[in-house]
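A.B. asks: Spelled out from the first residue to the last, the chains are:
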Amino acid sequence: MMSLAEGAVSHITSEVRWRIFKDFLQDVGLARHHIESFNSFVEIGLKDIVSSLGVIEVPTKEPSLKGLVIEFVDVSIGTPKFYEVEGHVVDVTPMMARLRNLTYSVPVSAKVVVKKDGNVLYEDEVPLCSLPVMVRSKIDPTSRMDRKELAEIGEDWRDPGGYFIVNGSERVIVAQEDLAPNRVFVEKAEMGANITHSAKMISVSAGLRVPTIVDRLKDGTLVINFPPLLAKVPVVIVMKALGLTTDKEIVYAVSHDPEIQQELLPSLLQVQEIRTRDDALDYIGARIAAGQVAEARRKRAEEVLDRYLFPHIGTDPSPSTRLMKALYLGQMVCKLIELVLGRREPDDRDHYGNRRLRLAGDLLAQLFRVAFRQYIDELRSALERITIRSGRINVKAFARPDIITERIRHALATGNWVGGKTGVSQMLDRTNWISTLSHLRRTVSPLSRGQPHFEARDVHGTQFGRICIFETPEGPNCGLVKNLSLYVKISSGVNPGEIRSVIKKLGVIPAEEVYEKLLNGDPEIVENISSYAKVFLNGTLIGYYVGSSETLAKAIIHLRRRGRLHPEVNVKYIKTEYVNEVYINTDEGRVLRPLIVVENGKPKLTEDIVSDYLSGKITFSDLVRKGIIEFIDPDEEENAYIAMDTSDLTPEHTHLELWPPAIVGVAAATIPFLEHNQSPRNTYQAAMAKQALGLYAANYNLRFDSRAHVLHYPQKPLVQTRFLDVIGYNDRPAGQNFVIAVLSFTGYNMEDAIILNKSSVERGLARSTFFREYSTEELRYAGGQMDKIEIPEPSVRGYRGRENYALLDEDGIVSPETKVSSGNVLVGKTSPPRFMEEYKELGIISTTRRDTSITLRHGDKGVVDTVLLTVSADGNKLVRVKVRDLRIPEIGDKFASRHGQKGVVGLLVPQYDMPYTPDGITPDVIINPHALPSRMTVGQLIESIAGKVGALAGRLVDGTPFYGEKPENLRMELLLRGYPSDGTEPMYDGRTGELLANPVFIGVVYYQRLHHMVADKMHARARGPIQLLTRQPTEGRAREGGLRFGEMERDCIIGHGAAMLLQERMLESSDKVVVYVCSDCGLVGWFDRKRNRYVCPLHGDKGRLSPVKVSYAFKLLLQELMSMLIYPRLILGDKYEAIGGE
Amino acid sequence: MVGIEITEKNDTVLALVLRDIPLEFANAIRRAALEEVLTMAIDYVVFYDNTTALSDEIIAHRIAMVPLRSDLAIDKYRRPEECRGSNPPEGCYVSLYLEAETGPQEELVIYSKDLKPQEDPEVVPVYGDIPLIKLGPQQRVVLEAWARLGRGREHIKWSPATVSVLTYIPNVRVITERCNLCRLCVERCPTKAISVVNDRIVVDSTKCNLCRQCVSVCEPEAIELDWEKDRYRLLIESSGSLKPERIFLEAVLQIKTKLLEFQRSFKEVFSGVGGGS
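Going down the list, the sequences are from chains A and B. Residue numbers for the first sequence follow our numbering, beginning at 1 and rising by one. Residue numbers for the second sequence follow our numbering, beginning at 1 and rising by one.
Looking at chain B on its own, in the form it has when it is part of the complex:
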C-alpha cells in the first residue's frame, strides 16, 4: 500500500516521501503537477489604449505570467476542452480590467494589484506587487484581460507548480575494510553528508543527493552508492495559484480521471468487438 510521509509543508512548499510506489507512477504525479492540473491564467487581452513604451504583445505576455488565485475557480469554470473555438460558451472566461494614466511630469509603475477583477472577485492576482508596466509622463494604458482555465501542457503560464521534483532516497555504504581514511570524500562532499567519527567514515544519507563526488574521488573504491527501491521524495513548489497540497491532490485526481476515461473507452471498444460479454 502506498504510504505518504510529509517532511515539509507550508504555503508554497510541500515535501513528501512516497513509499511503496513504482517510479513510473511517482513520476506521473510529478509531471501531472506541472502539466495536468487546471489553473486560471490570462489568455486574451483587449487593448483599448496603449501609449506606453511597451508594445501590446509584451504587456499581454507580462500579465499572462501573473499567477491568479485558482482554488475556487477550478470547480467554478468550464474546462479548456469545452472552451475551444471562436465562440466559447458562458462560464469559460472571466475578465480583469486595467486602466492607468500619467500626467505631464509623472511616472508610474503598474503592479499586478492594479489588475481589477470585473465579475469574479475570487479570480485575482495572487501577489499584488509584481511590476507590470512602467509609465513615463503622459502615457496611458487601458486594457481588459480575459482569464480561463488551462493546463501547463498548453502553456506554462497555467502550470501551478514552479518546481516539481522527484528524487531518489540514497543509500550510501562505506566499505570500512577498503577505506584508507584519506578523507578526500569528506572534503569533496558538497552537502557535508560525510564526516569522520572515531576514525571511521560516517555518511548521513538524508543529506546525500547522489552527486557521486565521493565515489569519483575514492581511490580504494570504498564507497558504494545505492538508492532505496520504490521510495521517493517528491517536492512541489507552488506558483501561488493553488496550495501545494492541492496541486498534489489535483495531480492525482487528473491521473485518476484520465485512467477512468481510458477505462471507459477501453470498455467501449471491448464491448464493440466482443459483442457485449
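Next up, chain A with everything else stripped away, as it sits in the complex:
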C-alpha cells in the first residue's frame, strides 16, 4: 500500500512544491494584504459608506426648498494631485511627495442628486476629500508602471508599496489583531464571582462595536448587558421586549431540547410579573431613560434594542428583524446552557480562528465613516442657514472637503485612530530591506503590555503557518507583536448573500421557518429536529440542515473546489454527541494559507497538472480555481488532516502541506539551516536582521531619510535560503560573506567580542556610509513677519560666532562636498522675535531677530552630500541638507552572524599578524569558541562549512530549512576539494610563524554589520552645559551631558568614607552654590549690592547671615516648599564646635 501511494506522488517533488509556492508568493507579493484591503475599501467600502450615510433632507424653512432631498450616489476618484498655494494643480509622484513633504493623495468627489418627492431635479459633483493613496495600490499610477518608468520617477521597482506618504513621511497602517466579531464565545467565570458562566460577543456593524454579554448567575437566572444599558437586564425581559411574549416562544427560541429548556425555568420564574411587550419595554426604559414619561421610556427602550442590540443583524424596527435578534439571543443562551450542562467545552479565545486582522482598508473605512458623518452634519447645518431665492442649491458651495481630508491626514500622521487607539500608523522602518518588509507584515494585539496575558502571548497551535514562530520582540511586547508567515493570505471578505442562496439549494431550512414550525408543532420538525445540524453564517444561525453537519460541510467544500463558491469561503463542522453544527465563514481579516488538496490519499495535483504547470500552461490561480490548491482558515483546518510531506500521505489525509519552510516570516527566512539552531537564537536573529546595514532601497541617493545607513559592498549570501530571491534580499542584501575562524587568539575576542582583520577593513570590508538629513522651512508668521534663510548678522540674538557661519554660501546654505563638524551651521536662518512686545518696547521695529540656524548635531561630522531647495506644501521655501559620513569598522562596532551570534569588535589585527592557513588565507573575523557550546547555534557551523564549499566551488549553497543541502554531502564535497571534511584547517600564527597546536575551524559565514556604532555613542565630558533650573549638568550625549554619579556610586563612596570625594562629586563638580542663611529665622537671604549688606527676608539687614555651601537643587527645594506655604528653617551651627562636642 505504501509503494502504491508513493508511486502516485513521485511527481510532487520538493522542487515542484517550491515552484508553486514561489509563484504564489510572487503573485500575492509581500505587502499585497495591505494593497488588497485598500483596493477593496476604495472600490466597495467607500461607495457603501457614502451612499448609506449620504442622505440629507434639506432642513431649511425656505418654502421653495421644502421637501428637497440631497443624496450622495456615486464616488469618483482622481489621480494623485497636489494643489499648489499659487492655485495651480500638479500631478505628484511618490518621490515628489517624499521630497517636498507633501501628502500623496487623490481628490475624491461624489455625485449628488437633488430630489424632490422622489423625482430627480438635478445632479451635481461635490468634492469629498483628498484621500491619501496607498503606494502601489490600484488608484496609484505607479502600480501600472514598468521598471523603467518607475526608475524615471525615482522609484525603486522592488518597493513593495502598502504604505502611505503623509506630509512626506512614509506611514504604515499596522494590522490590528482583534477578536472575531459577531461570534459567541462561552466561558466559565472565575470562582467566587456571582456569575457561573458567561457568553460574550462583539456585534460589529458599520463602524459600531457593541460588546454584549449574557451571564448565568449563581441562582440559575440569565442576564444580558450591552453598552447603553446601565445595568444587567434579565434575558427573558429582552426577549419579551423583542416581541416573544409567551414562555413557549421564548423557550423555543433557545432550544427544542427539554433538558436545555429546563435550565430556563429560574429565568422565567424570576420575571413572572412582566407579561406583555410593553411591560418589558417599560422595565428596560426605566433603566435607560428613568424619569421620563412612560411613553417616551418605551420608545427609548425600543430604539436602544433596535440600534444597539446585535446591530449586525439589522437596525430597522421591523418585527422580522426583532425576531432574528431574539433568535440570535436564544442561540447565545443555548450555547451558554450547553456549556453549563457540560455538552461543550469553553471557547478558546486564542484560537487563531477566533481572531481577525484589521488591515488598512478596514481601519480607513472606520475613520472615513466618522469623518463623513461629520461632513454630512456640517453640510446639513450649512444648508439650514441658507436663504436662497432661486430653487437651485449649489451643493458644492456648502461642502467642506477639508473636514474629511484633515481627519484622515491627522490620523495617519499621528497614528491616533478613532476609538482612542494609538500607534495604528507608524513610520515605515527603512533600516534595510528586511526591516521594511517585516514592518509591512507586522500585526499588533491590542492587549495591554502591562498585564501578563500569558495565554495570549503563547504560540497557539493554530498559528502554524500563519504567524512566524520566531519573529517576535523580547520583553514587554513578546507575543503581542507578531509577524505574518510567508504562507499567509488575508481574506478580504465575500458577500454572504452568495452563500445564502447556495445553501438553500443544499437543503438548509431557514431558522425562522424552523422556529415557526416548532411553535406550531409541525410533527415533521418536532420529530426530527434533534438530528438536524445548525448552520451558522459568520456566527449567526441561519438555518438547519437535515442531516449530519459533516455532509453539509463537505458539500460546501465540494462546491468551492468546483469553482461554484468563492475560494475565500471556509467551512467548519462540529459533530459530537450533543453538538451538530456547521460554521461558514466569509468575513474579512481571516488568516488563510494555501494547501494542496488530497482526496482518498492522493493529491489532486496529478502528474498531468504538474507537467502543465511546469510548462506554463496553467498558473497558480488556475490551481486555485480547479480546487487543486485551496485556502484554509484556522477554523476549517480543525477538520483537516494535513500531511507534512508526500511520504506521510495516508487515505485519511485531506491536505498536503504546500511548502513547510514557509511557516517562517520574512526576517526568519534569512536564516540558513535554521532547523539546526536552538530556537531562541532564531528569534534573536529575526530581531537583528532588522538592524543590519545594507542597501535599504535602490533609490537611496534620491531619498531624504532622516537617518540612513548604506553598506558599500553588500553581497548576496553564499549560503542561501530559497526565499531570499523571492523576497528580494539578493537584490538588496544587508551583509557580506566573511571568512571566519573559531579561535581563541589574543584574548581580545573574549565575551562575544570579535577580532577583525585590519587589512580586510582597509580593503573595504563592512564599510558603510551614514546619511543624516537636516531641514528647515522659511515659515510665515501672523503680521507679515517671516523667517529668512541668510547668513545672520552678528547683531541677531543667539549669534553663534563668525567661524560657525564660515561654511555658508551667499544664500545662507552650505554647498555640497563641504566638510562639516559639530556646531557648524548648515543653513543660516533668522526668525522674527518670539513676542511682539520685544520690539514694541522701543517704539521702533527693532532688528532683534533670533538666530534659528540649523547646525550639525553635537558629536556628528561628515561631508555635505546633497542640498535640496524646494517649496513645501504651504508654499514656503524648504531647504533639506543631507550630510554623509564614512563609517569604517572600528573597535566597538557591532556585528552579527545570521544565527543570533552578535558581538562587538575587540581588536583589529593586521594581515601579517593574523593566523594563516597553508593556502595563505587569513580570516576576516576570529570569533571565540566559547560562543558556541551553550548557545547551540549548530546552524552557524553548518553555514560555515557550506559557505566554504560555496566559495571553493563558486556556487551558491542552498540552506533552506528542512529542504537545504545535506550537511553530510557538503562535508564530502569539501573533502573532494582537498580540505578536511570537518571544516578545520591547520593554521600558523602570523606573529611567530609557528604551527598552531590544533587545527582551526575556518569557513565562510555571512555577517551583518548592525547599526550600533561607537561613533554614534562615544561620549565624555569635563566641563559643559548645565540645566537652567537646577544648575546640574545636562543629561545625554546629544546635549553634551555629564555622566550620572548615581545613588549606588554614592553609596560606594560613603562606604569607603571618602567624604571629600563625595563632596567633590555632588557639589563642586555639580551644582554647588553659596547661600546666606539667617541664623535667627533659618531662611535664605541675599546680598544687596547697593547697600553692600546681606539682607534677610524677615529681619531685613538686622538679620545675622552666614554663608552656607549647599546644592542649588536644595535651594530650589526650599523655595518650592515655601511656595506651598511650608516654612523650611535651616538651623545653623558652628562647624568646629560641632566636631569638638560636649
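FYI, nobody ran anything at the bench for these hints, they're computed from the structure. Every residue gets a Cβ at the ideal spot worked out from N, C-alpha and C, and that includes glycine. Incorrect hints may have been included.
Some chain B residues close to chain A (C-beta under 7 Å, calculated; not the full set) [claimed, not checked]:
#1 R31
#2 H155
#3 Y168
#4 T191
Partial pick of chain A residues on the chain B-facing surface, computed with a CB cut under 8 Å [said to hold, decoys possible]:
#5 E762
#6 R763
#7 G764
#8 R884
#9 L886
#10 Y916
#11 L975
#12 Y979
#13 E985
#14 P986
#15 T992
#16 G993
#17 E994
#18 L995
#19 P999
No farther apart than 25 Å at their CA atoms in a straight line, the calculated lysine-lysine pairs in the DSS-like style are these [unchecked claim]:
#20 K207(B) x K229(B)
#21 K138(A) x K47(A)
#22 K134(B) x K716(A)
#23 K617(A) x K22(A)
#24 K148(A) x K716(A)
#25 K148(A) x K134(B)
Got chain A sorted already, so can you dock chain B onto it with the hints?
C.D. replies: Chain B only, in chain A's frame:
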C-alpha cells in the same frame, strides 16, 4: 649556511624551500614581504567633479586599491619617512589623471586603464581592466590621484604581496607494527597524501599539509606527525606591483637595512656610554 631552492616561479608566484634557517628569521622575511616592502599606491585624490552615484570617499578608496607598477619607482621616489607633513618635498608624489563623461543615453564603465599617468609613464596601473566606476547617463567625473611610496604596515594598499605564507615541511611516519590497515586515514586525507601500496600505508610527505585528520582518525595511533627542523616552504604571491622575487629580495633588504640601522644606533649608544672604546 642558508640554502634556497626554487620550487615554483612565474610572474606572480614564487615558491621557495628555505634550508638551515631559523623560524624567527624565515617568518621575519614572510612578514617583511607584507609590511615592509615599499610600493607605489594612490594616497591622495583631488576631485574636480563627481556627479556619479558613488561618493568621493568610495571612488578614492577604489582607486587606492589599484596596484601600480613599482619596480622602478622604488628607487626613484622618496621614502615615506621623508614625505611626512603637509608640505612634502619634491620627489614624493606622482599624479595620475582621470576624466570621463557620459551623454544623455550613454552608460560607461571606467577601468583602471583610464587612470592616465601625468608625469611618470612608469607609474601606471598593473592591470588595466579593473572596473572602477560605472557612469549612468549624463554623469561626469574628473579627478587627480596622487601616488607615493609606502609600506603595507601603514595601509594594506602598499603591500606588494597578497599571499605570503611560511609553512613547515612535514615528516609523516607510519608505525607499521601498530597499523591495522583500516584505511580510514586514506579516506580522510584531503590532500591524498596517504595511499596503500602492497598492503602498507605509504605517505607522500610533500603532499601533506599537517591537517592532522589522519592522526585523529587513527585508533591504534600508528601515525606520527613531525616536521623538519629549520626547513620551511615560503610562498609569495604578488599583487603585480612588484615581481615576486623582487618582493623577496626587497623584504630581505628591508630587514638588512633595519638591522644596519639598529647596529648604528647601538654603536652610538655604546660609544656614548663607554667613552669611545
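A.B. asks: For each hint given before, does the structure comply? Return the numbers of the non-compliant ones in rising order.
C.D. replies: none
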